[in-house]
Every structure is written in C-alpha cells, then in structure tokens.
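Chemist: Each chain is listed here by its residues.
Number of protein chains: 2
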Amino acid sequence: MADPQVIAKQFTDFYYQTFDTNRADLNSLYRDNSMLTFEGQPLVGGGAIVEKLKSLPFQRVQHKVTTFDAQPSSSTASSMIIFVTGHLVVDDNENALQFSQVFHLIAEASSYYVFNDIFRLNYT
Amino acid sequence: MADPQVIAKQFTDFYYQTFDTNRADLNSLYRDNSMLTFEGQPLVGGGAIVEKLKSLPFQRVQHKVTTFDAQPSSSTASSMIIFVTGHLVVDDNENALQFSQVFHLIAEASSYYVFNDIFRLNYT
Numbered sequence: 001m002a003d004p005q006v007i008a009k010q011f012t013d014f015y016y017q018t019f020d021t022n023r024a025d026l027n028s029l030y031r032d033n034s035m036l037t038f039e040g041q042p043l044v045g046g047g048a049i050v051e052k053l054k055s056l057p058f059q060r061v062q063h064k065v066t067t068f069d070a071q072p073s074s075s076t077a078s079s080m081i082i083f084v085t086g087h088l089v090v091d092d093n094e095n096a097l098q099f100s101q102v103f104h105l106i107a108e109a110s111s112y113y114v115f116n117d118i119f120r121l122n123y124t
Numbered sequence: 001m002a003d004p005q006v007i008a009k010q011f012t013d014f015y016y017q018t019f020d021t022n023r024a025d026l027n028s029l030y031r032d033n034s035m036l037t038f039e040g041q042p043l044v045g046g047g048a049i050v051e052k053l054k055s056l057p058f059q060r061v062q063h064k065v066t067t068f069d070a071q072p073s074s075s076t077a078s079s080m081i082i083f084v085t086g087h088l089v090v091d092d093n094e095n096a097l098q099f100s101q102v103f104h105l106i107a108e109a110s111s112y113y114v115f116n117d118i119f120r121l122n123y124t
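Protein chains in written order, with UniProt numbering: chain A, 1 to 124; chain B, 1 to 124.
Just so you know, the hints here were simulated from the structure itself, not pulled from any lab data. Be a bit skeptical, because a hint or two may be false.
Computed list of lysine to any residue pairs in SDA-like fashion (alpha-carbon distance at most 25 Å, straight line) [to be verified]:
id: 1; chain 1: B; residue 1: Lys64; chain 2: B; residue 2: Ala96
id: 2; chain 1: A; residue 1: Lys52; chain 2: B; residue 2: Gln5
id: 3; chain 1: B; residue 1: Lys9; chain 2: A; residue 2: Lys64
id: 4; chain 1: B; residue 1: Lys52; chain 2: A; residue 2: Lys64
id: 5; chain 1: B; residue 1: Lys52; chain 2: B; residue 2: Gly40
id: 6; chain 1: A; residue 1: Lys64; chain 2: B; residue 2: Thr66
If you want the ones that stay clear, here's a sample from chain A, every Cβ over 10 Å from chain B, calculated [claimed, not checked]:
id: 7; residue: Asp3
id: 8; residue: Gly40
id: 9; residue: Gly45
id: 10; residue: Gly46
id: 11; residue: Leu56
id: 12; residue: Ala109
The beta carbon of each residue, even a glycine, is placed where N, CA and C say it ideally should be.
Based on the provided sequences and hints, a complete structural model is requested.
Modeler: Right, here's the structure in full:
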C-alpha cells in the first residue's frame, strides 16, 4: 500500500480545498454505504451527506489544517484512517472555530473513497 | 453486530477509567499489531504503546469525555471506529487541556481490541 501519510496529505488537501470552493463536488468521494456523523447527526449515503454539507448555513468557509495523522486500518485490505485537527473560519467571523475530523478511506480501483467520516467542533 | 454507540460508551468508560487509575492495565486492549500515534509519534505493539502511556510525565490525570461518536468500519467484519472529544485535567493544573482521539476496534472472541489509536491535544 502507498504510504498512508502521503495519501493523507493528498486527501486532506483535496478534501478541504473542494469543501471551501464547491462543497457539491465532494459527492465524488462518497458511496451509497458511506457514513457521516456531523456534530452527532448520523447520515448515510453520498447523496444525504452532500445535501447536509451543502445545507450548512455559511456562505464562505476556510479550513486550516493544524495536524493530520494516518494509519493503515487493516493488515490485509488497502484502507486507512486519517485524523485531522484544525481551525475553521466562517464568513466574516474573526474567531476561528476548532474542529477535529476522522476519515476512513477504502481503496477502489486506483483511488480511495470515504467509508467513514466523523466531524466535531471542539468547544473550550 | 452490537450497537456501536453502546459498545462505544462501554469502551470509552472502561478505557479512560483504566487510564486514570492504572495505565499499565491498558495492555489488555492492545495486540502486537496495534498502532498508536500519540501527538504525531508512531508506536506499534501493545508493549511499546503501554510503555509510552506509562512514561507520560504526570502523576494524576482525569479524562472528561465531552462527545463520543461511533460507526461500523466495515460492511462485513465486526469492527468500529470510535471518535472522542474531551478535556484532560493533569496533576494540580487548573486549566483543562482539550483532546480528541480516535479508536478502531476489531472484534476478537466476545470482545474487541484496539487496532488503531490516534491521540491529539487541541490547542487554540
């Protein structure tokens, strides 16, 4: 399997750049059995997941990744867990929000899709 | 498979209670192929993982879980991802530290072991 850290860098760069420019395009990363738990709300399937992301009530958003870690999630399959911490800047708010997010990527052809996705804001 | 939310509650209660009373006992949760990435430092195997946890430079620690989320991590195997956010109180420090942590549990006999574990403090 490719180096998880390298994949994690490519994935997080692509994911948050796409999120911050056109959330609807994230659809390509999810499948019918993909799961997102967003601030405790469970969603299943790429359609429901992208509708949720599109419905978030801000016009502009910028994700700034502080740390990302990656580990292979199986001894036999090509899959990995990516764990991200960072800050979110939303619209004209001066105060960034802290977030953390975990992705479970599963290999498919020459790429990966998101099977698990859990997102939380971190409040002090 | 049992309800991941129920397992997640039992697991996180047990994990942090054990961590806060006798870290060495966490050895029972890890196997030779288990992975921990602790603040960016990768460790493999229950022995190395528990040595790292035992070496952390505090006498007393208390984990307070704020949120935990869980999802099955496979369509076929009995395994799950648990994602925790919370606060840490260390020794006599008045200020709690924010942390987030992801576990990947794999079924083994009638229980689970930790295959993946990633821990990060969240700094503002």
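Chemist: Going straight from one Cα to the other, do Lys9 (chain B) and Lys64 (chain A) come out at no more than 25 Å?
Modeler: violated, 31 Å
Chemist: Would the pair Lys52 (chain B) and Lys64 (chain A) pass a check requiring their Cα atoms to be no farther apart than 25 Å?
Modeler: violated, 29 Å
Chemist: Mind checking the alpha carbons of Lys64 (chain A) and Thr66 (chain B) for me, to see if they're no more than 25 Å apart?
Modeler: Judged against 25 Å, a Cα distance of about 23 Å means the pair holds.
Chemist: If we take the beta carbon of Asp3 (chain A), is the closest beta carbon in chain B still more than 10 Å away?
Modeler: holds, 12 Å
Chemist: Report holds if the minimum CB distance from Gly46 (chain A) to chain B is greater than 10 Å, and violated otherwise.
Modeler: Nearest chain B Cβ is 15 Å from Gly46 (chain A), so the label holds.
Chemist: Between Lys52 (chain B) and Gly40 (chain B), does the CA-CA distance stay at or below 25 Å?
Modeler: Judged against 25 Å, a Cα distance of about 13 Å means the pair holds.
Chemist: Compute the least Cβ-Cβ separation between Ala109 (chain A) and chain B, then decide whether it is above 10 Å.
Modeler: Correct as stated: the minimum Cβ-Cβ distance to chain B is 18 Å, above 10 Å.
Chemist: Can you confirm whether the C-alpha distance between Lys64 (chain B) and Ala96 (chain B) stays at or below 25 Å?
Modeler: With Cα atoms ~9 Å apart, Lys64 (chain B) and Ala96 (chain B) stay inside 25 Å; holds.
Chemist: Take a quick look at whether Lys52 (chain A) and Gln5 (chain B) sit within 25 Å of each other, Cα to Cα.
Modeler: Holds, at about 22 Å.
Chemist: Is it correct that the beta-carbon of Gly45 (chain A) has no partner in chain B closer than or equal to 10 Å?
Modeler: holds, 13 Å
Chemist: Is it the case that Leu56 (chain A) keeps its Cβ farther than 10 Å from each residue Cβ in chain B?
Modeler: Non-interface label on Leu56 (chain A) holds, nearest chain B Cβ at 18 Å vs cutoff 10 Å.
Chemist: Is the nearest Cβ of chain B still more than 10 Å from the Cβ of Gly40 (chain A)?
Modeler: Since the minimum Cβ distance to chain B is about 7 Å, Gly40 (chain A) lies within 10 Å and the statement is violated.
Of the hints listed earlier, those the structure fails to meet are numbers 3, 4 and 8, in rising order.
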